[in-house]
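Work out the full structure: start from the sequences and follow the hints.
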Amino acid sequence: MADSTPASPASSSPASLVKSLIDAGIHFGHRANSWNPKMTPYIFGKRNRIHIIDVKETIKGLLLARKFITKEVAAGKDVLFVGTKRQARSIVESHVKECGMHYVTERWLGGTLTNFSTIRQRLKRLEELEQLEESGEIANYSKKMEATLNREKSKIKRNLEGIRNMGKLPGLMVIIDVNAEQNAVKEARKLGIPIVALLDTDSNPDDADIAIPGNDDAMRAIEIVVDQLARAANEGRGKRPQSAPSAEGMVDGDGNQAPGDPRGPKGPGGRRSNRAQFSAKDTPGETAEEAQGGTAAEPIDDGKVDGATADKPAHQPAATV
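1 is the number of the first residue of the sequence shown in UniProt numbering; add one for each residue after it.
Treat the hints with caution; some may be incorrect.
[Stated by the list, open to error] Derived DSSO-like pairs (lysine-lysine); straight-line CA-CA distance at most 30 Å:
id : residue 1 : residue 2
1  : Lys124    : Lys155
2  : Lys186    : Lys67
3  : Lys168    : Lys157
4  : Lys124    : Lys67
5  : Lys19     : Lys97
6  : Lys153    : Lys168
7  : Lys97     : Lys168
8  : Lys190    : Lys168
9  : Lys168    : Lys143
10 : Lys67     : Lys168
11 : Lys97     : Lys155
12 : Lys38     : Lys71
13 : Lys155    : Lys186
14 : Lys239    : Lys97
15 : Lys155    : Lys144
16 : Lys124    : Lys143
17 : Lys157    : Lys97
18 : Lys71     : Lys46
19 : Lys157    : Lys144
20 : Lys168    : Lys155
21 : Lys168    : Lys239
22 : Lys144    : Lys186
23 : Lys71     : Lys186
24 : Lys71     : Lys168
25 : Lys155    : Lys190
26 : Lys143    : Lys186
27 : Lys144    : Lys168
28 : Lys124    : Lys97
29 : Lys153    : Lys97
30 : Lys239    : Lys67
31 : Lys190    : Lys67
32 : Lys190    : Lys144
[To be verified] Label-pair distances were calculated between CB atoms; the ranges are:
id : residue 1 : residue 2 : range
33 : Gly136    : Ser16     : 50 to 56 Å
34 : Glu146    : Gln182    : 47 to 53 Å
35 : Glu146    : Arg31     : 49 to 55 Å
Hint data in this document are derived by calculation from the structure and do not stem from the laboratory. Since we're looking at a predicted model, the values are computed, not measured. Glycine included, C-beta positions come from ideal geometry on N, C-alpha and C.
Okay, here's the thing in structure tokens:
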């Protein structure tokens, strides 16, 4: 049964946000036998062999991620949202388009970040094919060649449309389900790009610099989280100075990283982690307890857990060629 789209709680009180998240099933994890022990700090308890996520930790991570994204975007950095699983595709695309950031909702192509120059060349090829069609010159080719060129254009557009205007490497990434996006995680780690991620109980929190523990299978839960983060990015865009864009992450015509990367020295393994720079106390104007409104500690109706787990879809594997 399809999930209905909830009203956005972005402008409501923290208590209303908590209620919206719980109504969306953000607190339902996976079966206890498929958990990742590293997620223990984010787990409230267990009901009927299903782990229940601590909503207080969800709110803490969400508020921290919102502040971080707003700050980084205001400094001139761009955000790349990644959500290729079926439940996240349309949600990520629609919300990210509204905030003017970049997204990947189809298969993650190897080298999207680490071989960015090749990706830029494919996007230039897409522009050439579109100009060929707009000018009418494609009619001069044989029917077979015309069909081949149209297929090539459709394939490039399907895979790369979301990063078409990404002229530089992203300053940070938002990932829905790190288990399904391991290739994206590895490339971000190699380049030292911070990761904000929605993590279910079977995820590894080491894959994220800022973790938002929550159900990464429920469409309504995904929509609320993506909406909050997209609004934070939009807020950051509004705070950007009217001067020239930041040189951070800029690339030349071949897609090569510009010199003078101001992100600072790399840590062990080539990773520039931002995790140590942020903590829950950085969240302005409210604490996790105030935001949570006391709802995380409320007893969970066992019947609701049973109903939710029966409807909860299984994880989708990463897309393949």
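These are the hints, each one checked on the structure:
no.: 1; hint: Lys124 <-> Lys155; result: holds, 14 Å
no.: 2; hint: Lys186 <-> Lys67; result: holds, 24 Å
no.: 3; hint: Lys168 <-> Lys157; result: holds, 19 Å
no.: 4; hint: Lys124 <-> Lys67; result: violated, 35 Å
no.: 5; hint: Lys19 <-> Lys97; result: holds, 27 Å
no.: 6; hint: Lys153 <-> Lys168; result: holds, 22 Å
no.: 7; hint: Lys97 <-> Lys168; result: holds, 17 Å
no.: 8; hint: Lys190 <-> Lys168; result: holds, 16 Å
no.: 9; hint: Lys168 <-> Lys143; result: violated, 37 Å
no.: 10; hint: Lys67 <-> Lys168; result: holds, 22 Å
no.: 11; hint: Lys97 <-> Lys155; result: holds, 20 Å
no.: 12; hint: Lys38 <-> Lys71; result: holds, 28 Å
no.: 13; hint: Lys155 <-> Lys186; result: holds, 24 Å
no.: 14; hint: Lys239 <-> Lys97; result: holds, 19 Å
no.: 15; hint: Lys155 <-> Lys144; result: holds, 17 Å
no.: 16; hint: Lys124 <-> Lys143; result: holds, 23 Å
no.: 17; hint: Lys157 <-> Lys97; result: holds, 15 Å
no.: 18; hint: Lys71 <-> Lys46; result: violated, 36 Å
no.: 19; hint: Lys157 <-> Lys144; result: holds, 20 Å
no.: 20; hint: Lys168 <-> Lys155; result: holds, 22 Å
no.: 21; hint: Lys168 <-> Lys239; result: holds, 20 Å
no.: 22; hint: Lys144 <-> Lys186; result: violated, 39 Å
no.: 23; hint: Lys71 <-> Lys186; result: holds, 24 Å
no.: 24; hint: Lys71 <-> Lys168; result: holds, 18 Å
no.: 25; hint: Lys155 <-> Lys190; result: holds, 27 Å
no.: 26; hint: Lys143 <-> Lys186; result: violated, 42 Å
no.: 27; hint: Lys144 <-> Lys168; result: violated, 36 Å
no.: 28; hint: Lys124 <-> Lys97; result: holds, 21 Å
no.: 29; hint: Lys153 <-> Lys97; result: holds, 21 Å
no.: 30; hint: Lys239 <-> Lys67; result: holds, 13 Å
no.: 31; hint: Lys190 <-> Lys67; result: holds, 24 Å
no.: 32; hint: Lys190 <-> Lys144; result: violated, 42 Å
no.: 33; hint: Gly136 <-> Ser16: 50 to 56 Å; result: holds, 54 Å
no.: 34; hint: Glu146 <-> Gln182: 47 to 53 Å; result: violated, 38 Å
no.: 35; hint: Glu146 <-> Arg31: 49 to 55 Å; result: holds, 52 Å
Hint violations for this structure: numbers 4, 9, 18, 22, 26, 27, 32 and 34, all remaining hints satisfied.
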